[in-house]
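One line per chain: the protein sequences are A and B, in this order.
Per my numbering, the first sequence starts with residue 75, numbered consecutively.
Per my numbering, the second sequence starts with residue 20, numbered consecutively.
The hints are simulated quantities; they were obtained by calculation from the structure and are not laboratory data.
Just so it is clear, CB atoms sit at the ideal spot from N, CA and C, and this is done for glycine as well.
Here's a subset of chain A near chain B, in silico, CB distances under 8 Å, partners left out:
{"hint": "1", "residue": "E116"}
{"hint": "2", "residue": "H133"}
{"hint": "3", "residue": "P146"}
{"hint": "4", "residue": "L150"}
{"hint": "5", "residue": "P160"}
{"hint": "6", "residue": "F164"}
{"hint": "7", "residue": "A195"}
{"hint": "8", "residue": "D196"}
{"hint": "9", "residue": "L198"}
{"hint": "10", "residue": "P242"}
{"hint": "11", "residue": "V251"}
Chain by chain, the residues run as shown.
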Amino acid sequence: MSGPLRCLLDKVVARRIMEALLKLASAQDLIAEEVDALSLYERSDVRWLQLFMAPPTDHILARLVLSTPYAPLIALFRTRAEVARPTRYFKRWSRRLRDQGFTREDAAILALGTFGTSPAADVLGMHFVATLDRPMLNHWQTRQRTIQERLVAMQRQLDPPYRDAFLPQIRRPENIVQETQSSQQMLREGEADYEV
Amino acid sequence: MEARLVLPVSVEQVAVVVRQMSRADRERLLDLVPDLHQIARQAGRGRLDEGTAAVERARTEVTQALAGRRLSLDEPFLGELTLGQYLRLPDQERGRLWDDWGQVDLEDLEELDVRPAALPAR
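Looking at chain B on its own, in the form it has when it is part of the complex (with noise of 0.2 Å):
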């Protein structure tokens, strides 16, 4: 049977390591541990076929939500623009219209008493 060392820290500090690491010395961990190539060749390959899947199915529920209609670009979206100019704004600028429009302080919000059975995130 395999034996496996158990780390010291977590798999998250250790990701954090090799983010702050160089390109060079990450190269060489990948020449340290070939596995890794594999590995991310796979899930590389698998999130394709997941994405792909998940953009026809979303694309059909669309069709069918409206009626195989296209919103035009020209349709009238929040703020005064149409949906093609805010799809057309930087992510940035997109970012801080929503952060506008959504203005709801979650800290003005009145706390809810939960069921006393309710199901806790185990």
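Just chain A, with the same shape it has in the complex (with noise of 0.2 Å):
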């Protein structure tokens, strides 16, 4: 792997951050959701852990940014997730996703995944999707090697890079959190190794 791990937030976790983020800044108590999904975006940095946000999310905090006292805030969480945007093939795959029993809106999330990138167009997908929507998560885990084999029978078609386009791994917040910590701490040793 080289560059950091690439996360897309859903919608209902990145709402779950903004709600989070709103609380402390009114000294109200956070349930244990918005504690993971805050958990999980403080885990970002730029050598780590990049976060990504979809364009619906983006567009509610672009409403939101004009009423000033929020605009801190939007800046906030601006500085630790990018907008992803749908490339080439984006539609494509969601309609393969649709066709495995996924919501026009799930398979759009799901799709990003694989066929999103960042602002500069310089990344091709994202290795997790944050979720916690349970049903969503349910059906890919049941549906996923069916999911790989049209993806693998779609690529055959593709030319580079898309050809290299890969499934993210569709998790909830905490457990984003756990398998970058195992990660970065597997990398810290390569590294403390290679010094040596």
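Take each chain as given, in its own frame, and dock them per the hints.
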């Protein structure tokens, strides 16, 4: 792997983070899911984990930032989460996922995890999609093998770099925190061995 | 060296089966695999520590971003609601509002071409 791990926040996880920031700013208590989402948000940094939000989330933030009191919080959120943009083949893959029984909205988020990029268009796809949607998660897990086969079949017709697209791992925020901690630990140990 | 069994199905598929089990069957599973108790306890403790630290870091960042000022719950939010009214809504209702406010259909967006050397997510 080169470059940081990339994680796309689905709409609910992004909302949980934003609501957590609003609650901290107004001295309110957080619920467990907000703490888990905030833990993921706080894990992000340039070297290890890069967060992305979907365009609909960015659209809401753009409305909220017009209100002066919230502008600093929106700016804070945007320092850690870039907007993911659909790449070529996004729509085709989204249709394939709908054929596997995902709703239009779920299929679009999952497709953005494979055929999504940064504003600089220098990456292809995400390593993780963070979600709290248990039914979608279960459906993904049961259909994953078939989905993988469909992606491989579609990739045969594509040119590089799209031919190298991967399926993201669909995880709850707390699982991504654990998994990125383990990866980071392993990489650090590898670096220490190399230095020795 | 410990011999490890290669599962014929993925851990995710095992998890789907476990989630469909009755409580009695899950308790029986814990009796049969006592290691799970210890792993769950350790993971729970770690998560709590991680969560507490994350909240404190975020609280500091928020305080700095707002220059020490606290947001009033009477502050106008979106959709003619105050912040307090919004935060007090049931989760389902807040989710519905976000659906309304974030009306961008991803399918309507233009597809971009990534750079030839774009990094795949391997």
